[in-house]
Structure formats: C-alpha cells, structure tokens
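S.K.: Letter by letter, the chains look like this.
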Amino acid sequence: MYLTDEEKSMLNGERGEIIQKCMKVLVTLGEIYGAKRMLKIKSVHFPGVSYRVTGDAGLNYVKEASTQGSFIVPATLNNVGIDMHNWEELGFDPDFAHSQIELSKAYAKMGAVMSNSCTPYLYGNIPMFGEHVAWGESSAICFVNSVIGARTNREGGPTALAAAITGRVPEYGLHLDENRKGTIRVAVNVELLSDTDFASLGYYIGTIVGKGIPVFTGIKNRPTTENLKALSAALASSGAVALFHIVGITPEAATLEAVIDKDVPVYSFGEKEYAEAFEKFNYSGDVDFVVFGCPHASIQEIRKIASLLKGKKVKAETWICTSHQIKDLAAQMDSLEILEEAGVTIVCDTCPVLCQTLPRGYKNVVTNSGKMAHYIRGLWDVKSRLAQVEDCVKAAVSGRLE
Amino acid sequence: MEKIILEGRKIVEGSAEGEALVTSQPLSFMGSVNPKTGYIIEQGHELEGQCLKGKIFVFPFSKGSTGGSYMLYDVVKNGVGPLGIINSDAEVVCVIGAIVAELPMLDQVNLERIETGDYIRMNATDGVVEVTKKAK
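Listed in order, the protein sequences are those of chains Z and D. Under this note's numbering, the first residue of the first sequence carries the number 20, and numbering increases by one thereafter. Under this note's numbering, the first residue of the second sequence carries the number 1063, and numbering increases by one thereafter.
Bound-form chain Z, shown alone (with noise of 0.2 Å):
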C-alpha cells in the first residue's frame, strides 16, 4: 500500500518503537483489505477500556504503549470495569478495582479523555457527517455511521490505540463509498412505539444480516435519539452491523435507490417476527435485577424512569447504568433525588456487561435493552427477559414478572 514519506518514518522506526509497532498492525490489517491507502482521522473511541475485557494480556499490552506512546487526536474512552468513584460502596473486588485504575492510568497518561461511557456521541466525542474516524463499541459505531453519517470500521482495541498514536487507518471497508450500499433490504410493517421495540427490531434482523447494511422501510415515526442507540446495540450484538440506513431518516438514505443500487434479499419485520424478538427473552417469574442503560442511560431515559418510579420502593435490585456527566446533570435536576429515595442505584463508567461479576448471585434479570438481554445470559449465567420500560419498572416494584 502507499505510504507518505511520514508514514514511512513511522513504519521504519524512525519515531520509536511503539510508533513502529501501531503502523505494523495498520499495515498488516490494510493488506490484508486490500487498503491503497491510510487516511487521516479525526478522533477515536476507544473499546477495551474494562480490565474484563483486556485481561492482564490486554493491560500489559496498554501498559507498553504507555511507555512512549501519546494521542495525536482526541479520544474518548469505552466503560471501564469498575464504577470509578464508588466502586467500593458497590462491592466490587478490591484486586480488580486495582487492576483496572491501572488500566485507566495507562490510557489517561496518552492523553484519553476520561469519559468510560459507551455513549461518547451524547457527550465529549460527537463527529460530523463524512468525517473519518476510527471508533470501538459496537453499539457506538453502528450509531455513528448510520444516525450521523461518519465512517469508521469496528475498531478492536489494538487498531484504536494505533490510530490514536499514528491519527491514521487503513483506507478499507466503510471508509469508501462503494461499501457503504445496503445489502438487505427490511419492509417493517409493525410500528415501533419504544425503544425497546427498536431493540426487538435490531436482534431479530442481526441474526440475519450478520455484517451485511440492512436498509429499513416502513418506519414513519422519526425515531428519537434513544430508539436509534436502541435499534444500534441490538443490531451489533446479535450480528456484527456497523451500518444501517433508515429511508427518508438516516442521512445517507434520502431515497431507496440513494442506499440500494442492486438486487437485494427483502425481508418483512412484521407483528410475528417482532413478537419472535421478544421470544429469545422470554423468563418470566421472580425477579432479583432489573437493568436500564444499555447503552448508557440518556437524561431522557432517566427522567422517563424517574416518572415511572416517583413515590414508590424497588423491591428487586435496580440500576441505572449511565455516564457520570449524565449523572451530574440528572442531580441538578429533581430525577436523582426520586430515583435514589426508590432504592434504585445509579452506576456510573460501567455496567454488568462491561463489570466484573457481582458477588451476589441474582439469578433472574429484566431489562429494557436487548444488547443487554443478549450478553448477560452468558456472562452471568442467569435468565434474562426483554421487556418494555414500564414492565420492567412494574418488576422492579414488585420483585415479579409474568
């Protein structure tokens, strides 16, 4: 592939060897694309910021690069492992808290801005229609080139941090127009209220579309923010979407024929195949932990809740998994106060899929977010159930769910 002479001086170890070793990863994954070229970014969003996701492979090989290495664009990092200011009031293991703050002192000494939010784009980190970037999380991703129309690949944790330190990618995949075109396209004939039924939408066709661009139709309603980080989780984890268009809403998708320009596979997203989203989560009984904010909780979610939960008591477990700048405002605002004389606790910089497992044995989740329902089963060996904001409130109050 081609490469500017400052390319090459990176390349060639000319500006030391962590700078050496970033290039050689790019280098390596643009050839294996067939990439002609690097590009230029404007920021990063760092995955693999939680010490359960690198392990100590992971930390060492962060640890390394903080040796000598610095950002050269701005970069926003993903949940950690731990709530940072109030991880021991939460019980979460002193070994790991340990092992994590190492972690995040390693980022923060190369410059990252210390967000640990999986919702950069609602605060710190927002790109503009076309811009290059190379972004981890793949719920944040799917929102970033579908909802604003930036361009990034899935980053893992290794190519952000050599895009951190170079400010460079390969130029491949949907950095380029030509790949950017859907390859199904999805007649939604069932209207989607919620974003929770965003989230059945999103699961249901990411089994099928697995990394293909589904184009959706039918969708009248201009969906909010919150339905689209919904339809985003849910898509990137029962497949691995990076991109959808949304006709006549998303940018990129003035029209059909702006987003499809071939015969595509078409598939219905109607009332059976919705209620067959619903069906992959389907426990019903006692409950012990009910789960909101994932992807991280918006003011909006949090007010919504807040509404639903004022003057009443949790009986089951009950977080809220946020930023701590969300946070912050949610306290200046009346909806902390209700939430936290509910019982309910607001977790901030992480949550149970990014968090080590809690020592308490819950056995049977709710929760309103698929990404959720979908990673929990496996990482805590419990039952989950989708359900809708207000079901899972009702489950909270109640300890139940039928």
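Hints are computed from structural coordinates only; laboratory data are not their basis. Among these hints, one or two may not hold up.
Cβ pair distances, simulated, as ranges [to be verified]:
no.: 1; chain 1: D; residue 1: Glu1079; chain 2: Z; residue 2: Gly53; range: 25 to 31 Å
no.: 2; chain 1: D; residue 1: Gly1111; chain 2: Z; residue 2: Arg322; range: 40 to 46 Å
no.: 3; chain 1: D; residue 1: Glu1079; chain 2: Z; residue 2: Gly418; range: 52 to 58 Å
no.: 4; chain 1: Z; residue 1: Tyr52; chain 2: D; residue 2: Ser1086; range: 38 to 44 Å
no.: 5; chain 1: Z; residue 1: Ile145; chain 2: D; residue 2: Gly1106; range: 33 to 39 Å
Computed cross-link-like contacts, DSS-like style, restricted to lysine-lysine with a CA-CA straight-line distance of at most 25 Å [said to hold, decoys possible]:
no.: 6; chain 1: Z; residue 1: Lys124; chain 2: D; residue 2: Lys1072
no.: 7; chain 1: D; residue 1: Lys1072; chain 2: Z; residue 2: Lys82
no.: 8; chain 1: D; residue 1: Lys1098; chain 2: Z; residue 2: Lys382
no.: 9; chain 1: D; residue 1: Lys1072; chain 2: Z; residue 2: Lys55
no.: 10; chain 1: Z; residue 1: Lys402; chain 2: D; residue 2: Lys1098
Every residue, glycine too, gets a C-beta built ideally from N, C-alpha and C.
We have chain Z already, so just place chain D on it with the hints.
M.R.: What follows is chain D alone, placed relative to chain Z:
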C-alpha cells in the same frame, strides 16, 4: 483415512495443527467465551459448553462486541485458546485479535468441508488447509 486439501487467504501467517471445532454460527469472543477457561458460554449457541483449548477453531466470522480483540488475545495468552482460526469471511474484530496474538489465521475457506473432530493441518502463510476426515 480421507484427506482433502482446501485453499484460503492468509490473514495471519504461521502454521498450526489440531482437531477442528466447527460451527456455522458467528461468534463474539467478548461475552461468548470465558477467557480464563476457553469454554464457550453463550446461551443457545450451538457450541455452548465446548472448549477452544488446543483446537483449530472453524467459524464463519466474528460478531458483536469490539472488546473481542483483546478477549481473543487474552484467551490465547492464558493458554486456553485455539491454536489457529479458519473463517469463511474474516471480520475485523477477530482479525485484530489474531494479529496481536500472532495466531495463525485464514479465511475464504469452504467451511462446509470441515466437521468437528476432523484433524487439521493449516499453513496460513501459504493459504493451505489439509483436512483428515475423522473415522465414520
């Protein structure tokens, strides 16, 4: 025993041999694999309860969390990972993990010709997979 030769595309160079563990379902290394033990933990996955240790892992492509790159690296470093990976259409999260773990990896291989229990000799550098079919 019947031997077949399949061709593929080099993703990460190197050679490996071992028994094949095969699935037609995509997999996420984050959330579907316990990195301390190498066991597959995704409920409802057709390989749930199987272990990656010492196997040539044959699956179509990676899905899900981008944390999967470090998780693959970690599972290999912990000595409970696969010895090599064969995909039909390599997805980048697994590719990145294999690059840093220096794990031999190929893609563009016809996976329908390989079954769990077959013995695999893979030379990723040359893009060749030798499959010795298990006794019927």
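S.K.: Please go over all the hints and tell whether each is borne out by the structure.
M.R.: Quick rundown of the hints versus the structure:
Checked against the hint of 25 to 31 Å, the pair Glu1079/D and Gly53/Z passes, with Cβ atoms roughly 29 Å apart. Look at Gly1111/D against Arg322/Z: about 43 Å separates their beta carbons, and that is inside 40 to 46 Å. Range check, Glu1079/D to Gly418/Z: about 53 Å between beta-carbon atoms, so the 52 to 58 Å window is met. One distance hint, 38 to 44 Å for the beta-carbon pair Tyr52/Z and Ser1086/D, is violated here, with the actual separation near 24 Å.
Look at Ile145/Z against Gly1106/D: about 36 Å separates their beta carbons, and that is inside 33 to 39 Å. Note on Lys124/Z and Lys1072/D: the hinted pairing is violated, with a Cα-Cα distance of about 36 Å set against a maximum of 25 Å. For a cut-off of 25 Å, the pair hint linking Lys1072/D to Lys82/Z is broken: about 30 Å separates their Cα positions. Distance check on the hinted pair: Lys1098/D and Lys382/Z sit about 22 Å apart at the alpha-carbon level, within 25 Å; holds.
As the CA atoms of Lys1072/D and Lys55/Z are separated by approximately 18 Å, the hinted pair is consistent with the 25 Å bound. The straight-line distance between the Cα atoms of Lys402/Z and Lys1098/D is roughly 22 Å, inside the 25 Å bound, and the hint therefore holds.
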